[in-house]
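A.B. asks: Here's the letter readout for the chains.
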Amino acid sequence: MSVLIQRISNTKMTVSIVIGLIISSFGLPGLSSSTAPDCLALIILYWAMLGGDHGPRLSTVFVLGMVVDFLGGQIVGIHALKYLCLVALAVQFSSRFRMSARLNRTVFVVLTVLALEVISQGLVSLYFGASMDMGRLVAVAAWGMTWSLVEFILEKNYSRVDR
Amino acid sequence: MPLASNTIKGNRFHFYVKFLVYLTIALCFVFLDLNQRTFTPIKDKLSSFDVAVNGSFRPFKAWLDDFSIYFSSKVELVRENQKLKTAQTYSDVQLQKLAATEKRLEELESLLELREQSATGMQAVTVIAASDSPYDQWLRVKYKKNASIKSGDYVVGTKGLIGQVISVEEDQAVVRVVSDQRASVYVQVLRTGFRAVVFGRGKYNSLELKFVPEEVDIKVDDILVTSGLGGRYPYGIPVGKVSSVSTDLTSNFSRILVQSLEDPNANNSFIALTGLTGDDLFSLDKLD
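These protein sequence lines are chains P and Z, in that order.
In this text, residue positions in the first sequence follow this note's numbering: the first is 1, and each later residue adds one.
In this text, residue positions in the second sequence follow this note's numbering: the first is 164, and each later residue adds one.
A few of these clues could be false.
[To be verified] So the derived label-pair ranges between C-beta atoms look like this:
no.	chain 1	residue 1	chain 2	residue 2	range
1	Z	Gln199	P	Ser9	29 to 37 Å
2	P	Ala142	Z	Phe194	24 to 32 Å
3	P	Val124	Z	Tyr253	22 to 30 Å
[To be verified] A short, non-exhaustive set of chain Z residues, derived as facing chain P with CB atoms under 10 Å:
no.	residue
4	Asp196
5	Asn198
6	Asp207
7	Val379
8	Tyr398
Treat the hints as calculated values from the structure; they're not laboratory data.
Just so it is clear, CB atoms sit at the ideal spot from N, CA and C, and this is done for glycine as well.
So here's chain Z without its partners, still in its complex pose (with noise of 0.2 Å):
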């Protein structure tokens, strides 16, 4: 009786040899198929079979591309559509560049139609640094060395007043912003003539009239412009439009809410006002 592993090992010695039989034929046919050239008539009669089973694959395998094309454009399309967005980001940025530099212009041409209006008293300031708290608004100004501003001065834009200056030093300044808590000027009510005194709120742009009796005839869309008292700023340069006025039923006095007429975080130039003026500096037709 045969061992198994004898067994194993007459099957394994059978099958290398069946291997090497069939090995030996490869090579051969590979031999003839290269030098002989045997199998080429068969082969192309094959080729025939061949482009006919190629044919009637041809809509699968044509579907089959068009598949792959679809998604090899759709990639490309995806990469060309990234490429233009970032162009379009680059020329939205230089657009807006553009835009600022147009809005400059305009300002500094405004501020320069001011200056020529009333040559003396002014001196041109520029923005250099500006607080970043609410409840604290001004903005630190740059100028010309010995420039004769000093504290007290007033701050204009080309729509009306900014400011006051409330520190001085060789060529810069701090400029308290009429919204600021502590910021107070008197001002006179252009329809009327009623003085009054107006504070900030701390707000942005935001001002209000205090102190200003029930009866008074204040109504919302007035303008309320400095009223030059004391002689050592001038008259007339608006300050702000009345938004809303109300009636508060624990005190005698009106709720007037005022709106400042210029942003200073609008524009970086400005001018002081180091003298007396005219009053007819700001033409208040611009105003609206």
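With the rest of the complex left out, here is chain P (with noise of 0.2 Å):
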């Protein structure tokens, strides 16, 4: 049985939702927007997940949601709404998750964030009419894959002093 390690940092958490911010709304070379990875969901998440009281609030959430569509020029709010619903699924199931082994913490945030991206593109789609992009699903679900990497590096202590 796996849990998470407790202590949080403030610093760390920011600057790791800055550059999860910047990577979310300018994109990563030589990927295509269907293709690009929402790092910050998944920094988000994990911070959520595991800060608690001391995670990423709501309004917090919400601002960057809407930040990262008006910089990538995406439908405004639609990314505001995954995050909420992440930080809401994070709180629900935070005690769980921190409980259970890696391998299910990542079917977990595979689900969940597939799960996410259905909705938001189930809403978009049932307002154009269009089908949902297949493509973007697939490679949602592989980005999820990656949380064990992501929790290392998040979990990771970068201070030259241990405190």
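The two chains are supplied separately, each in an independent frame; assemble them into the complex guided by the hints.
C.D. replies: What follows is the structure in structure tokens.
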């Protein structure tokens, strides 16, 4: 049984969220917008799961989603919606999530981000009457599988002095 | 005083109320953006910021793109290299086959020339099997049915003697190679005319001239030919070339090693001498 580290560093959380915001807004070189990762979603999920009361607030998450939508030129509110749902799920399942094995956590994350992508795409598809982008769904699932890597990067203690 | 569970429940309730409020706002924004295009001017303004940011990151992005192109082109190069290697291997095999065919053709032409010099008493044979033991050197050859090949006939190649037929079947015969331990041939030193017997050593292309007194004039590079003693076998078939002459302190005979002139493994086609042939069958000029 695995338990995530409970200590929260505000600096680390802020830095990771800023990096995630940049990647989610401006994309990564060599990747089209449909296959680019939504790193911010994974980072928010991580801190919401781990942080409890010290995790990102709903207002912060809402603003972050709006920023991503505005900077990315996407439908305004869609990312905010997604991130809010992520935080709500994290608050609901955080205790069970923290106590589960790494593989279970990864499966949970993959299913969650996939479900949210389906819902958000479904909303847009319903409005426009278009079909869903299956490539995007596969990409989202693939990026969800990198959850262990996200955990590894965010868990690591980067400070020179162990406090 | 409120209970802890009530506090947690109250917090949860408060959280979900906030969540629903924000969710509603987000949904409203989505609706406004999709229906009214309310945020399009703001997005247009921000797109210029996006362009500026992207512009400032362009060198880094270009570097990353180059980096990915470098690896993808490297993978392509490795694949192409693999394909070329396969093609080259195939070409090498074809080239070696061609060289082998050319060599075989030359050998057959030489044998044909040999046969034309003496049309009688010769029979072409083809090797179908060979001994894989280093101590027992023989060849199984095949020839035309009813050919007059018999035990004791010499089998020759273009350069000289190969061996002697030791058993005959309907269209096959077993030839004992001169380098076999049990083989022996009456030979004559071409330079001096000294006659002796050469024995096989059981080693590849290696013979030994035995029982030659130390006083006999034999030098390295002397050519040994069949002596033709007995009248049955022809004189003058090259057998080997003296490769070393040394003195054995324990006996009165010299230790003379001879290298066979013909390599039985080099070709598949030879000629069996079934009768007496002319002395000038082999041109000794060709030996070197």
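A.B. asks: With reference to the structure, classify each hint as holding or not holding.
C.D. replies: Comparing the hints with the structure gives:
no. : hint                            : verdict
1   : Gln199/Z x Ser9/P: 29 to 37 Å   : 42 Å, violated
2   : Ala142/P x Phe194/Z: 24 to 32 Å : 31 Å, holds
3   : Val124/P x Tyr253/Z: 22 to 30 Å : 55 Å, violated
4   : Asp196                          : 4 Å, holds
5   : Asn198                          : 9 Å, holds
6   : Asp207                          : 9 Å, holds
7   : Val379                          : 87 Å, violated
8   : Tyr398                          : 85 Å, violated
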